[in-house]
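Take these sequences, add in the hints, and give me the full structure.
Be aware that the sequence shown starts at 623, since it is given in the numbering used here, and climbs by one per residue.
The set of hints was computed from the structure by calculation and includes no laboratory data.
Check the hints yourself; a few may be wrong.
Label pairs and their calculated CB-CB ranges [said to hold, decoys possible]: (1) S641 / R681: 52 to 60 Å; (2) R690 / Q666: 34 to 42 Å; (3) R677 / S637: 55 to 63 Å; (4) R655 / R686: 40 to 48 Å; (5) D658 / C628: 38 to 46 Å; (6) S630 / Q666: 52 to 60 Å; (7) L632 / R672: 56 to 64 Å.
Each residue gets a CB set at the ideal place from its N, CA and C atoms; glycine is no exception.
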Amino acid sequence: MDLLSCRSFLLRRLSWCSSLCQQQHDNNMTTGRQTDRDREADRQTRSDLRRRNRRERSRRKKRRKKGRSRRGEEEEEEEQEGEEEQEGEEEQTRKE
623 MDLLSCRSFL LRRLSWCSSL CQQQHDNNMT TGRQTDRDRE ADRQTRSDLR
673 RRNRRERSRR KKRRKKGRSR RGEEEEEEEQ EGEEEQEGEE EQTRKE
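Right, here's the structure in full:
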């Protein structure tokens, strides 16, 4: 192999290696950016889920409180109705 053909072979080889390295570097950078985007999207998703869960817990808590107060009001109303019925029955027995 003469010097000229050897030189051209090495240059082609070097060019091929260089393009391969550049391609690998580009892939890594793209993958890195994609990974960063994925991480950010995951972070955002988790944040949204936490926020949604917090709201839902708050709503449930409020519903429970309202339910208790309604039950309390209903019980008071039932007691009042029961007392009124008893008073009505007592008056009826007095009249008789």
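Name the hints, by number, that the structure is in violation of.
Every hint satisfied by this model.
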